[in-house]
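> Line by line, the protein sequences give chains A and B. So in the working numbering, spot 154 of the first sequence is number 154, and the numbers just go up one at a time. Add 365 to a position in the second sequence, counting from 1, and you land on the number used in the working numbering.
No lab work stands behind these hints: they were computed from the structure. A hint or two may mislead.
[What the hints assert, rightly or not] DSSO-like mimics (lysine-lysine), calculated; alpha carbons at most 30 Å apart, straight line:
1) LYS389(B) to LYS151(A)
2) LYS524(B) to LYS343(A)
3) LYS526(B) to LYS343(A)
4) LYS68(A) to LYS35(A)
5) LYS151(A) to LYS524(B)
6) LYS151(A) to LYS72(A)
7) LYS68(A) to LYS151(A)
[Stated by the list, open to error] Here are some, though not all, of the chain A residues that point toward chain B, as calculated from beta-carbon distances under 7 Å:
8) VAL125
9) LEU128
10) PHE131
11) ALA132
12) VAL138
13) TRP146
14) SER161
Bear in mind the structure is a predicted one, so any value in this text is a computation, not a measurement. For glycine and all other residues, C-beta sits at the position ideal for the given N, C-alpha and C.
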Amino acid sequence: MTGPLFDIAVTVARIAVFFAFCFGLVVVMTWVERKGAAYIQDRRGPNRADIFGIRAWGLFHPLADALKFLFKEDFIPDNAHRLFYQMAPMFSLAPAILGIAIIPFGPDVTVMGRTIALQIADLNVGILYLFAVSGMTVYGVVLAGWASGSKYPLLGGLRSSAQMLSYEVSMGLSLIGIFMVFESVRMSQIVAGQGGLLFGVLPKWGVFVQPLGFILFLVAQYAEANRTPFDLPEGESELVAGYHTEYASFKFSMFMMAEYLHMVVGAAVVATLFFGGWQFPYLGDAGFLFPGGFAVAVPPALVLLLRIGSFVAKVLFFAWLYVWVRWTIPRFRYDQVMRLGWKVMLPLSLLNIFATGLILLLLNR
Amino acid sequence: METVLFILFGAIAVCGAVMVVTRKHPMASALYLILTLFAVAALFVLRQAHFLAAIQVIIYAGAVVVLFVFVIMLINVPEDRLPVERATTIRVLGVLAAGFFILESAVLARRYVMPKGPAAEVGTVEAVGRALFTDYLLAFEITSVLLLAAVIGAIALAKRKI
Chain A
1 MTGPLFDIAV
11 TVARIAVFFA
21 FCFGLVVVMT
31 WVERKGAAYI
41 QDRRGPNRAD
51 IFGIRAWGLF
61 HPLADALKFL
71 FKEDFIPDNA
81 HRLFYQMAPM
91 FSLAPAILGI
101 AIIPFGPDVT
111 VMGRTIALQI
121 ADLNVGILYL
131 FAVSGMTVYG
141 VVLAGWASGS
151 KYPLLGGLRS
161 SAQMLSYEVS
171 MGLSLIGIFM
181 VFESVRMSQI
191 VAGQGGLLFG
201 VLPKWGVFVQ
211 PLGFILFLVA
221 QYAEANRTPF
231 DLPEGESELV
241 AGYHTEYASF
251 KFSMFMMAEY
261 LHMVVGAAVV
271 ATLFFGGWQF
281 PYLGDAGFLF
291 PGGFAVAVPP
301 ALVLLLRIGS
311 FVAKVLFFAW
321 LYVWVRWTIP
331 RFRYDQVMRL
341 GWKVMLPLSL
351 LNIFATGLIL
361 LLLNR
Chain B
366 METVLFILFG
376 AIAVCGAVMV
386 VTRKHPMASA
396 LYLILTLFAV
406 AALFVLRQAH
416 FLAAIQVIIY
426 AGAVVVLFVF
436 VIMLINVPED
446 RLPVERATTI
456 RVLGVLAAGF
466 FILESAVLAR
476 RYVMPKGPAA
486 EVGTVEAVGR
496 ALFTDYLLAF
506 EITSVLLLAA
516 VIGAIALAKR
526 KI
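Next up, chain A with everything else stripped away, as it sits in the complex (with noise of 0.2 Å):
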């Protein structure tokens, strides 16, 4: 194949491939949600959806959402502003895939004499992209409340615009600490930044050397999902189900869909600034090298494969966190989290710049 085609091959199967994988993961995940609440409550979730017989412990009740989301009857309040309530399940979910585009999921590969970087488009913005992309999520939340002309959505609305503007603020400033270790904010020099060795044992990953900013990354990135304990603008008891209230079939789909995105995106944005990326501990480009001068020779093929499975692994694991939180931490108050974005989160994140700045300036000397 000649040059260019090639290049637009590879950017094509590449957009494809990342975009399947994280769309794949979603079905999963709803899966993975309700079993898991499900073990966690001492019950047996979904089992009952069958194809000839076939249950597969509940794996086909995505699909019967899927189904039931297609057929159900696309209804419009006649209070609502009919195009802006149209538009905001579309300004939800765009945003939330939009952030995959700078991670990282292996290292540079080379085909046919070329290097093929895994990685959509290596900005150099880096991670400003992904501030950039989340910050536009908040119109999804804050139309669809306002747009459907009812009281509850409109507080839940309210609600998030103010809730994600707080918490954008520590999500920002918690990175700072990872840019200022490994003097970028490019998400392939970041990841190759983790790949040495802390103390001559620990793999150097952003969570060892920055422990507080992984910390308050997280909190600050299920206050951005909307996700338990943060998930307040849905929160049912209070505000029936918040912003999407009056939404029903696909367009609800496309909410729970644009959730789901965000934990499998923001599980991908965590393994990658604080885990490491696709680094495998101790696995260099020729094989194993562990602390201790021992070595086992891997094969390139190997090499890549576990790279490519150990960035999967975080991901997952960090998926099935977003879960396991949900359904371990009740849902704080408002003015708790009002607090402890603006009393607790901000003054720790910036703390954190400054002793991150105050050892780099010793350690250097």
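Please build the complex by placing chain B on the supplied structure of chain A, with the hints as guidance.
Just chain B, lined up with the frame of chain A:
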């Protein structure tokens, strides 16, 4: 290719800006404002000013317009009670003045020769950061003091009892 994209995004930006001022519903205006901001960010990217593009989207589209939308939601004027704006003499004069201003800046801009090819590496995160913390450090720090004053002022105004 670059010219085609420039014309495309420039057209989107201008059309969006026109829609912002002509739409009757404030929410529609706000959404068109986001479109314009995105198109301008795309123009920044075309000039290799990646950092500026990202910040434009984060600050303006991601924070400032959110506050606009927030206010529109809170006030929530019913559609039939939206104020009707009439074309008065002063408005017509304003549009004419704006037209002359645009024409004049276009004439002035033609005197400057645009640099050919991609802009030098001045728009990257590294370059902007270096410039801010070396040559423009004083201006940068004074701006942050200004913002701090604004924050304190906002709190002083909003809080009845300090």
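> If a hint holds in the structure, say so; if it doesn't, say that too.
Status of each hint after checking the structure:
Our distance criterion of 30 Å between C-alpha atoms is met by LYS389(B) and LYS151(A), whose separation comes to about 24 Å. Our distance criterion of 30 Å between C-alpha atoms is met by LYS524(B) and LYS343(A), whose separation comes to about 17 Å. Under the criterion of a C-alpha separation no larger than 30 Å, the hint pairing LYS526(B) with LYS343(A) is consistent with the structure, at around 19 Å. A threshold of 30 Å between alpha carbons decides the hint, and for LYS68(A) with LYS35(A) the separation of about 19 Å falls inside it, so the pair holds.
Straight-line distance between C-alpha atoms of LYS151(A) and LYS524(B) comes to about 28 Å, which keeps the hinted pair within the 30 Å bound. Restraint check for LYS151(A) and LYS72(A): satisfied, since their Cα atoms lie roughly 24 Å apart, inside the 30 Å limit. With a CA separation close to 27 Å, the supplied pair LYS68(A) and LYS151(A) stays within the 30 Å bound. The beta carbon of VAL125(A) is positioned within 7 Å of a beta carbon in chain B (closest approach about 4 Å), and the interface hint is therefore held.
The criterion of a C-beta within 7 Å of any C-beta in chain B is met by LEU128(A), whose closest approach is roughly 4 Å, and the hint holds. The interface hint given for PHE131(A) holds, since its Cβ lies 5 Å from the closest Cβ of chain B, which is under the 7 Å cut-off. Look at ALA132(A): its Cβ gets to within about 4 Å of chain B, closer than 7 Å, so that hint holds up. A hinted interface residue such as VAL138(A) counts as satisfied when its beta carbon comes closer than 7 Å to some beta carbon of chain B; here the least separation is about 6 Å, so the hint holds.
The criterion of a C-beta within 7 Å of any C-beta in chain B is met by TRP146(A), whose closest approach is roughly 5 Å, and the hint holds. Among the interface hints, the one on SER161(A) holds; its C-beta lies about 6 Å from the nearest C-beta in chain B, closer than the 7 Å criterion.
Going down the numbered hints, you'll see the structure goes against none, and every one checks out.
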